[in-house]
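Here is what each chain is made of, one letter per residue.
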Amino acid sequence: MNKNDLIMTLLKGRTLIVLTLLVIFFSFAADSFFTAQSLLLVAKHVALYGILGIGMTYVLVTGGIDLSVGAVVGVAGMVSGYLINQGLTLFGYTIYFNVPTIVIIAVVIGVIIGAINGVIITRFAVAPFIATLGMMYMARGVANLISNGATFPNLVGKEALGNTGFEIFGRDIAGFPVAVLILILIAVIAAVILRKTPFGWHILAIGGNERAAKLSGVHVDKDKLLVYMFSGACSAVVGIIATSQLVASHPMTGNTWEMNAIAAAVLGGTSLMGGVGTIVGTVIGAFIIGVISDGMVMCGVSEFWQMIIKGLVIVLAVIVDQYQRDLQARMALQARNENK
Amino acid sequence: MSEEIYLHAEKIDKIYPGTKALDQVSFDIKRGKVNVLIGENGAGKSTLMRIIAGIEKQSAGKLFLQGREVSFNSTMDARAEGIAIIHQELCLFPNLTVFQNLFMASERTRSGILDDAVHRRLAKQVLDRLNFPIDPDTKVGDLRVGQQQMIEIARNLLIPNLKILIMDEPTSSLSEQEVDVLFNIMRELTASGISIVYISHRLEELMRIGDYVTIFRDGRLVAEAAAKDIDVPWIVKQMVGEGKSYPTRKTDVDWSTRETVLEVKDLTLPKSGGGYLLNKVNFSLHKGEILGIYGLLGAGRTEIFECIMGMRPEHTGQVIKNGQVMKIENVAGQIAQGLAWLPEDRQRDGLVQAMDIDKNIALSEVAHFMSPMGIIDSRRESKATDEMIRDVHIKVADKHLPILSLSGGNQQKVVFAKGALTGPEIMLLDEPSRGIDIGAKTEIFHLIYQYAERGVSLIVVSSELEEIIAIADRIIVLSNGIKTAEFTGADITQDNLVKASYVGHQASGNADKAE
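Chains H and C are the protein sequences, given in the same order. Residue numbers for the first sequence follow my numbering, beginning at 1 and rising by one. Residue numbers for the second sequence follow my numbering, beginning at 341 and rising by one.
If you're looking for bench data, these hints aren't it; they were derived computationally from the structure. Each hint can be trusted.
Facing chain H, from chain C, some residues (calculated, C-beta under 8 Å):
| # | residue |
| --- | --- |
| 1 | Thr415 |
| 2 | Leu432 |
| 3 | Met444 |
Calculated cross-link-like contacts (lysine-lysine; reagent style DSS-like; alpha-carbon spacing at most 30 Å):
| # | chain 1 | residue 1 | chain 2 | residue 2 |
| --- | --- | --- | --- | --- |
| 4 | C | Lys397 | H | Lys214 |
| 5 | C | Lys370 | H | Lys214 |
| 6 | C | Lys627 | C | Lys605 |
| 7 | C | Lys503 | H | Lys214 |
| 8 | C | Lys735 | C | Lys699 |
| 9 | C | Lys370 | C | Lys360 |
| 10 | C | Lys605 | C | Lys620 |
| 11 | H | Lys214 | C | Lys464 |
C-beta atoms are modelled at their ideal positions from N, C-alpha and C, and glycine is treated no differently.
So here's chain H without its partners, still in its complex pose (with noise of 0.2 Å):
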C-alpha cells in the first residue's frame, strides 16, 4: 500500500472519522457531552436534519436542489396543528381526524409541493434554484396565513374528539427517540433505492450526464418529478416530528433549515454538481453538524462563534472533496500509464 492509497482510505472514511474526533472532543470538553441523556438530545436534532438532508441527497444528486425544504416543514406542522387544535369545517361541520389521517394529509401536502416544484422545473424548464426560491416564499406565507402568523399551541388533543397521540413523535419508545427510529426507517429505505434499485440508478445517471440519460432512455422529466416530491414528503416528515417535539406549531419553525440539509448532504460527500451521493454520508453528515452545534451549546460557545465555525466546517468539508476527487483522477491516470 503507498502513500496515496493510504491518503485516499483516510480521505474516503474522512466523515467518520471526523465525526469521532468531534465525539472525542466534546467528551473532554464538556462533562455533560457524553451521556445518554445529552447524546439523545443531540440524536433528536440530528435526526430532524438527516431526514431533511436525505431528501435533499435525492435532489441534488439528478443535479438540483430544493431550497423550500425548510418552509414545507413550517407548512406540514401548521396544517398538523389546524387540524388538530381547530378541525378541518367544511359546510358548516366541523370534522377532527384522528392522528394517523392527520399525518397523511400532512405527508400528502408535502408531497404536492413537491410536485409543484418538480412540474415548474421539468415542464417550464425553470432552474431548480429559482423555483424552489421561489416556493420556499410561497409555502412560508402559506403556513403563516393558516393561523394569521399565530402558533398553536398544546397539541395534545381531545380524549372525546380521538385526536390524542400527536406527542408521540417527540418521545421516546424504550428509551429510544421515535425521531430516530424515523431516521432510520427513511434511511436504511432511501439507500436501498438509490443503490439498489433501477430508479436510483437512473437518477444518479442524470446528475452524471443528463443527455446521455435522456438518450439511453431514461426518463429524465418523471424521475425528477419523483426526487422533488420525495423531498416535499421528508420535509413533511419532518415539519411533524418537530411539531410533535414542541408540542405546538409556531409558522416559523423550520425557517432556514434547507442549509442544513445542504451542509449535511455536502459534509457526507453529495456533489452540488449532481451524480454523486451516498444516504449514509449524508446521515454521518447530520450528525456532525448536529454534535457540533450542541456540542459548542454545551461548552458555553457564543452563538455567533457557532455561526462561524459551522460555516468553516462546510467550505472546509467542500475543499477536502475537492481535492480527493483530484487525487482519485491522478491514481487513475497513473494507474492507466503504468498498465500501458
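Given the coordinates of chain H, work out where chain C should sit on it, guided by the hints.
Same frame as chain H, but now just chain C:
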C-alpha cells in the same frame, strides 16, 4: 445480385433555422451489410442517422422498415424496432461503473431490486466478446477515451433483437488492435443478419470494412456504389464535387520577401486521456498574409488558436512574435500583445447575448475608454464603435439594439469588429463563415482581404474546401494533431487538401500507443 433492403428513407428533408441540413435524401440500409457513409463535416450524414435513430425528427419524408412505414418520436421508439446508435460524442455516465453504464435503462431486477450479480456476469460476457477484459466495477470516468468508446459499443451489443447498428465515427479514438477487434465483431454481426451503418473519416478503413458506400455533400446524397467497384480517388472526387465560386484574392506577392510576424515552433498539446491533440506543429505567418488551416473535425485546428491565445497552459513549444518568444499567460495578455481571436462558436464564445451591439463591440477594448477616475468615457467609446461599425459595414439602424436582433452574418461582423477594435497585428479566425448565408460570407471574405491589405496578418480555420481555397494565400493541413502538408499557389487544390487531411488516420492507434 439482389440485396434485401432493411430500412428505406424516402425523400428526407431536415430544415434548421437558416440552413437545410438534408435535401430530399433517399437512402437504403441493406440487410446484413456494412453501409458506409462519407462526406465532409456538415454534409448531413450525422443528421440523417440521428433521424433514423429517433433523436431528431425529419421536416419532411418517410421512413420504411421492411416496407412498413415507421415514425420515431424518441430513441426508445427506434430501439423498440432494434435500431441502435453509437454516438459521435460519448453518451456515458462518468460517475457510474462500467456495468451500471452497460445496463442503464435496461436493468435486470429481481422483485424490484437490481440484480448486480447478473449485471456483472453479462457485462463480463460482452466485454470478453469484445476481447476487452476490464473489471465491470471500474468507474467509467477513470477509463481513457478509447476504452470508454469500447463501453459504448458493448452497451449497444446488449440490446435485444438488434437489427440496425449505427456507428458514428466509432474508431476515432480506438487503438489499432481495438479497431481490429471491432471489425471482427462487425463481421460477426453482419453474418447474423444485423445491418450496420458506419460513418468514419478514415478512408482506408472504410474500404476495408465497407460493403456499400454512400457519399453526402451539402445535405444531398451525391453518389452510391458497392465498395468493391470503387477506390479512394473516386471517393475524394465525389466528396469534393463541382466547385462553388467565391471571390478570390489576387495577389502576386512573394511572401518570402515579407517579414515574418509570427512563428510557431514545435507546438505540442497533450490529450488528457493520453496521446496528443497537437504534435510538434510548426508554421510561420508573414505580414499581411492570409494563412489557411484546413483539417477534419478534431484534427487540432481550434487547439492551435487556443494555445496561442493562452487558453491551454499545458502546451509546450514556442510562439515567436516579431522575433521575440511570447510569454503566453492568458487571453487578456495576448490581446494586449496585439492578437485578436474570433472563436468558432459565435453564440457561445463570441458574443454576450445580454448586451447590446455597441457594448459587444467595445468589450475587449473598454478599459482603454476609461477616464483616470475609472469611469467609462462613453463619448469616446461611442465614437470608436461608430467608426468600427462603418469600417466593417454592419447594417444596423441603432447600435443599442440587442445583439440577437442581427442576422448571423452581421453578428459575425460584430465579433470581427470586437477583435479589430483592439488594433491587432494578427487576427485568428475560427470558421468565420459558419452558419451564415452566401451573401454574408462574401462580405466577411472582403473584410478579411481589406484587413490583410492594411497589413494585418490573418490565420483562418475553415472546414469548407472551396472557401479556404478562395481566401488563403497559403494553406497548412492538419490531421490528428500533426501538420501533414503545406501548399501555396497552384498546389492549393481540393484533391491535395483532402488527401493531406486524411493522412495518418490509419496509424493513429500506433501514435496513441507509442508514448
